[in-house]
Amino acid sequence: MSYLGEDLSIRIYPQSEIDHFDLLPDAILLLVFNKIGDVKALGRCCVVSRRFHALVPQVDNVIVKVDCVISDDGSTSSNSSSDKTRGTFWNLFRLVFGGIVKPLQALGQLLGPKRTTLVSGSSSASPSSSLAIGTSEEDGETDQGGVTHHSPTQVLKNFNEIRLLRIELPSGELGIEDGVLLKWRADFGSTLDNCVILGASSVIHPKTENGVAFNASADALCSGGVNNNNGVVVGGDDNGSIPDSFYTNGGLKLRVVWTISSLIAASARHYLLQPIISEHKTLDNLVLTDADGQGVLHMDRDQLEELRVKPLSASLASKRTLVPALNMRLWYAPHLELPDGVVLKGATLVAIRPSEQSPKKEPSDVSWVSTAFEEPYRTAARMLVKRRTYCLEMNSF
Amino acid sequence: MAEKASESSNSISLNTVDGKIFKVSPTIANQMQTIQSLIKAYDSSRVISLPHVNAFHLSKIIEYLEGKSATTVSAVKEFEAQFMKDLSLKQLKGLLIAVGYLKVNELLELMPKTVAKLIENKSVEFLRKFFGIVNDFTPSEEAKIREEIAWAFDGVDED
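So the sequences go chain by chain: A and B. Using the numbering used here, the first residue of the first sequence is number 46, and each one after it goes up by one. Using the numbering used here, the first residue of the second sequence is number 17, and each one after it goes up by one.
Please note that a few of the clues may not be correct.
As a list, the in silico DSS-like pairs of lysine-lysine whose alpha-carbon atoms are at most 27 Å apart [what the hints assert, rightly or not]:
#	chain 1	residue 1	chain 2	residue 2
1	B	K36	A	K80
2	B	K56	B	K93
3	B	K76	A	K110
4	B	K133	A	K202
5	B	K160	A	K355
6	B	K129	B	K160
7	B	K138	B	K36
8	A	K202	B	K138
9	A	K298	A	K202
10	B	K160	A	K202
11	A	K202	B	K119
No lab work stands behind these hints, which were simulated from the structure alone.
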């Protein structure tokens, strides 16, 4: 590394009263900046001095935490509690195309700290800068006046060497009931490459006294399933098949709703990433996640390049990427007990790939399915893929 | 000096800028990339002078390399946390420069992470003080930049 200038010795000896950390080699400052990640903190570093201002844009690892999301209906929400659903199938079904998924309208409005703009016409820096710091040190909520929204695209415009970019939404888009587990992970290129969804109608924690309270109404289907299995309660004792009641009591429909909802959420996220991807050519890893840990959209270097070369096709219906015709494999367990004692009721794993597979991908290979999630869900997925596989197909939408 | 170094056939002698000689095992020495390449380039029996590193910084680096290699994963975590905690801000900065010079990869991972944690929610004024930097923007330039990145001033800790 070239930062080892001869002046290093001067820097260390003699040690003056003032710390000359500003003389830290650029390469080391960049190491520090790359560990910061958070785009707001990096923004503040830009104001420190000319040298910092020149260095920060060279950062290659950036995290954008989105403060608020403006969804299709124009409302601003920082969490999804307002669109919790009732849990009945019909309600959910309606909401798939209405409210359960709040497709993000545009990343152009995603990032919006609630604060007023700086006082205009302030020619001297000191009042203006003290205002900026002052307002942020006070409760931001008390700010009056217009709310300024800054998109990730705007926020990132000065960063021209980003390799790893992580964008975090304040919450997952899917309004699911308390106690219901729903997680998805999708990989995209120009279109969907694969998607894995893990769901459970309820999660029972062993040490929670009121664990039963987690049981959602959808859980009824599981007990039905258990009864049909001649009272076998412990998973693994059955033959891995789906009980008949699954098809008749809404269990399957609910899983289809979960699947469609997740795919809509994922394809809406993908659509919104387009401008960022085309502006940041150096990107080779892009993750769009949410603070709830509900959905993770991932694109690696090849997939990003694919999108740059071959633009996505948009769905006619809304602002999202067209989901291609799909092959889906589904695994189900009425009662899945994880090694740590947590029980997933009505545990469901869905693995999705486009019908037109690239030839090199072995269709029976399930390793990508069992590694899609972090623990403990990784274990859950690994246990589920050992059970009987059910295949479904879905048209492009 | 060559005689001193040959006392132990394997160990490598490092001479700091303040004239202290450290004898370290090849395992430790090789974790400092700068020294590793010097050993390769020269006769390993000779004392390697480090004009940019003082005894305190080198002793901390050796302490780290010895401490983190001897224990289990959780113990290493604990050791690293304590190691960083024991450093004053001034020591931290000086050590970071030494670590950069000697290219101690693990510390080049750990230390920037620690510094990043210290500054991530801080104000611009705090950052200037922390890094010892004099603002070289004109007031109007600074105002303009602050306006451009107005989104960056949310959620800042008090200094």
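Next item on the list: State the violated hints by number, sorted upward, taking the hints as numbered earlier in the document.
Entry: 1, 2, 3, 5, 6, 7, 9, 11
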